[in-house]
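Single-letter residue listing:
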Amino acid sequence: MKAISVQDLEVNYYTVKEETFSKRILKRIKKKKFTALKNINFDIDKGCVVGIIGPNGSGKSTLLKTIAHIFEPDKGSINLYGNTVNLLSLGTGFDSELSGYENIFLSGMLLGFSKKTIETKLKDIIDFSELGEFIYNPVKTYSSGMYSKLAFSIMAILDADILLIDEVLSVGDIHFQEKSYNKMLELIDDKKRTVLIVSHSTTTIEELCDKVIWLDKGQIRKMGKTKDIINEYREYAIKLNTEITK
Amino acid sequence: MKKIFKDLKQYFPFIIYSTKSKLKSEVAGSYLNSLWWVINPLCMMLIYMFVVVVVFKSKEPNFPIFVFIGLTLWDFFNRVVSSSAKLVKSNRNIINKVYIPKYILLIVNTFVMLFKFFISLAIVFIFMIIFKIHISFRILYFIPILIVLYFLTFGISLIIMHFGVYIADLHNVINIILKFVFYFSGVFYNLLLRVPSPYNKILLIFNPMATLINESRNVLINNMMPNILLILGWFIISIILNIIGFKLLKKYENSYSKVI
Chain V
1 MKAISVQDLE VNYYTVKEET FSKRILKRIK KKKFTALKNI NFDIDKGCVV GIIGPNGSGK
61 STLLKTIAHI FEPDKGSINL YGNTVNLLSL GTGFDSELSG YENIFLSGML LGFSKKTIET
121 KLKDIIDFSE LGEFIYNPVK TYSSGMYSKL AFSIMAILDA DILLIDEVLS VGDIHFQEKS
181 YNKMLELIDD KKRTVLIVSH STTTIEELCD KVIWLDKGQI RKMGKTKDII NEYREYAIKL
241 NTEITK
Chain B
1 MKKIFKDLKQ YFPFIIYSTK SKLKSEVAGS YLNSLWWVIN PLCMMLIYMF VVVVVFKSKE
61 PNFPIFVFIG LTLWDFFNRV VSSSAKLVKS NRNIINKVYI PKYILLIVNT FVMLFKFFIS
121 LAIVFIFMII FKIHISFRIL YFIPILIVLY FLTFGISLII MHFGVYIADL HNVINIILKF
181 VFYFSGVFYN LLLRVPSPYN KILLIFNPMA TLINESRNVL INNMMPNILL ILGWFIISII
241 LNIIGFKLLK KYENSYSKVI
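Line by line, the protein sequences give chains V and B. Going by the numbering used here, the residue at position 91 of the first sequence is 91; the numbering climbs one at a time, nothing skipped. Going by the numbering used here, the residue at position 192 of the second sequence is 192; the numbering climbs one at a time, nothing skipped.
Check before you lean on any hint, since a few could be wrong.
[What the hints assert, rightly or not] Calculated cross-link-like contacts (lysine-lysine; reagent style DSS-like; alpha-carbon spacing at most 30 Å):
(1) V:K116 to V:K33
(2) B:K251 to V:K32
(3) B:K22 to V:K123
(4) B:K86 to V:K46
(5) V:K140 to B:K24
(6) B:K20 to V:K116
(7) V:K115 to V:K46
(8) B:K179 to B:K9
(9) B:K9 to V:K123
(10) B:K22 to V:K33
(11) V:K140 to B:K86
(12) V:K46 to B:K3
(13) B:K251 to V:K140
(14) B:K132 to V:K115
(15) V:K179 to V:K217
(16) B:K247 to V:K32
(17) B:K3 to V:K2
(18) V:K33 to B:K250
(19) B:K250 to V:K121
Don't read these hints as lab results, they were simulated from the structure. Fair warning: this is a prediction, and the values are worked out from it, not measured in the lab.
Just chain B, with the same shape it has in the complex (with noise of 0.2 Å):
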């Protein structure tokens, strides 16, 4: 535990420098440049609402919003995860060369993530200002389960790092658990509502995903309070994934190279 706290800081600063540099380099050459990061979600969330309000003619009030909070949770969980399992591998080049505790790997890609995030984030607020959503103290609540959510990526992240070192086939196993479970999250539709009755109960609290974005719309457009029992199982549940992850490391982060 001592020795985590005086890793991050010995190498905070080369986590910002290269999350920032990872980011440049996304959008380095291009004319719009910089501009991406803000166009890249705005258009996503057009064409959601396009395909929401035209296409399917939903008649729920505030429906878009509805879906921007599920897929702004979603992409930040999915992204993460997915690239997870070829994460050690694709910084060969770093691991090879020098020692470098290798979950800081993790929190620099999670950090270039959570900066997308965040933009994408931003964009939702300004569609509820627009949709004339009532923003009460309550969105508040909003920030413990951004917290919960934080956690529960990074710590089922770490193990799947760790595995995807010795199996190449992983990555391709977690890209379809990601797809089964986006289904049963309710990104695109209200999971209390679609789904018969004693399942979409159950989804909603084994299924962590499905609980977050639940919370956080419950949070953000319907003024409610958030099920604090739930949202704390889960972050005791995120920890438990941490410790697990951060052991795993410890033992076997230096027997990587000889793998890759």
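Pulled out of the complex, with its shape left as it was, chain V reads as follows (with noise of 0.2 Å):
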């Protein structure tokens, strides 16, 4: 059974350059077309665990965020079969003057819960959050590891039909970088569960993906199975590096 399906998929930028205002009124302003995403075709079908993989640039990000309808495409299409979609991300709509208490419902409610589902989940994202009482004082005072401890918190309760993670996240202290690593594992290991990852690291897609997309200026280079194309990969990026070497 298919859980995502992309057609033709092409999404552009258009970038205006700074400049002064001066010479803005002397030449017309142009716009600059940047293209993302350009001819992008494929299915993923439920439960599978994909990986994008690419250089800096190459698209990423921005097919994630197509697919979580943060973008609009300007060509093609994408269905997901009425399957519910998140892309994690740290902190989403959280406000510093607030407590964590409360900021766990405004980032809850954004992500699509209830305040029913919210609350009944309250314990667990705060004892998974290792913050105690700190959870009653505003994020402000939080120090960098506690604010993320809390945001990972709460996205770890996230149950979407399809999951997009952009780099696969371990936060905090050594204590907490594995609490949170093996949290991601679950999440990800769910069978029901569709799931695309970006990520820089081929050890990490090799150990997690199923299958493979790599991504190269803004087009699908190569599909296919998690260990052909990684050994492709690497072997492309060696020959790079000795390429510029010389």
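Need the complex rebuilt from these two chains, each delivered in its own frame; the hints are there to steer you.
Below, the structure is given as structure tokens:
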């Protein structure tokens, strides 16, 4: 059964160069078109874990954001077959003046949970974050470690059918890093869940993914079984490095 | 249309929670905390009362109330419209991370301002009792005026919010226009008496804020019937503005995160 099918996808950015006012008046402003994704076609089966690799600026994050419905495609279509989708990101909609407790609700509601669901999961979130009494203090008083612990704990309750992950995250101190990494694996391993992972770490992709999509300059360069693609990608990276040193 | 109702139902708890937390976060950390919601408008009114009665020695009856009503309505309109040009940018943190219908952000903003509006209105009513203004059932006509004020403000803000994403200068332009409209809405003076004839009538018909402020005063202070046709006319225009705004947003809202 298919969970995602992407057809002939194209996404463009329009950038305007920052210029002085007089220059803008004299020459008319020229918008530069930048094609972030082009001719993207693929299908993903339900329960499949797919990795997306490629150099910086190849359109990986844009692809995730388009599937998450944050961007509108300029061409083509994305069919999610009625599945719910969520892009994992830390601290969505946080207000630093408010307490951690209130931010759990604020962020959770933005991610599409009802107040009731959050209430039932509240204890788990607070326990997981290990913040204890600090949860009632304003977020602006938190250390960066505490902040990311809380943000991760909210994210960890997500139960969308399709999960989009931009870099597998592990946050906090050594102990929490392991705990959060394991939680991530737990989210990814759920057999009913379809997962897309963007990562620069080939070992992570190798460990987690069934299939890999290799993006290059906004187009799919190769797609297939993890082992084959990753090996080819590594060879390509080595070849590129030796070319540069020459 | 159906989708809008569905979204409203889905996001309603978020709207309420976000409104509450925005209000809370504004006063968080201050000693007087939520008391500021009352102290702020009250002090503003007392200052204006001092200026009007002592400095300008106004002899018109009930003039402080006259000014308070104008100020209360104007403040709501002014605050919402002037913040709408930067609304999408200031919510970058949300828009870049999760899909949300963008007008939800505007609803939250209007609700925050509406809360302050109602507090200010409550103070006006208290002053009305202190000044022994005769209150009759005609006060009910104030309700349709408020509804028109809300939809008018919302419609204008929706459109500004959309163009504000693409034109950074819009925020400054809007603030200048608002200053201009302010002086022609008769917040501090009686448009009908102070502006020479035909212009006063023209302003009272074609400047919606002048219309709404004037009609509110007629209903609340003078116990008069409002000009229902005029109010209805502005209601229809407000609805049209809303439709244009919603269509613009529907078409472009998912491109916003590419620009900001």
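These are the hints, each one checked on the structure:
1. V:K116 to V:K33: Violated, at roughly 45 Å.
2. B:K251 to V:K32: Distance of about 21 Å is within 30 Å: holds.
3. B:K22 to V:K123: Holds. K22 (chain B) to K123 (chain V) sits at ~24 Å (cutoff 30 Å).
4. B:K86 to V:K46: Distance of about 41 Å is beyond 30 Å: violated.
5. V:K140 to B:K24: holds, 14 Å
6. B:K20 to V:K116: holds, 17 Å
7. V:K115 to V:K46: Judged against 30 Å, a Cα distance of about 29 Å means the pair holds.
8. B:K179 to B:K9: At roughly 36 Å apart (the allowed maximum being 30 Å), K9 (chain B) and K179 (chain B) break the hint.
9. B:K9 to V:K123: Holds, at about 27 Å.
10. B:K22 to V:K33: Cα-Cα ~38 Å, so violated.
11. V:K140 to B:K86: holds, 23 Å
12. V:K46 to B:K3: Holds, because 27 Å separates the two Cα atoms, which is no more than 30 Å.
13. B:K251 to V:K140: Given pair K251 (chain B), K140 (chain V) is violated - Cα atoms ~37 Å apart, limit 30 Å.
14. B:K132 to V:K115: violated, 46 Å
15. V:K179 to V:K217: violated, 35 Å
16. B:K247 to V:K32: holds, 26 Å
17. B:K3 to V:K2: holds, 26 Å
18. V:K33 to B:K250: Roughly 23 Å separates the two Cα atoms, so the pair holds.
19. B:K250 to V:K121: Roughly 34 Å between the alpha carbons, so the hint for K250 (chain B) and K121 (chain V) is violated.
Hints 1, 4, 8, 10, 13, 14, 15, 19 from the list above are not met by this structure, while the remaining hints are.
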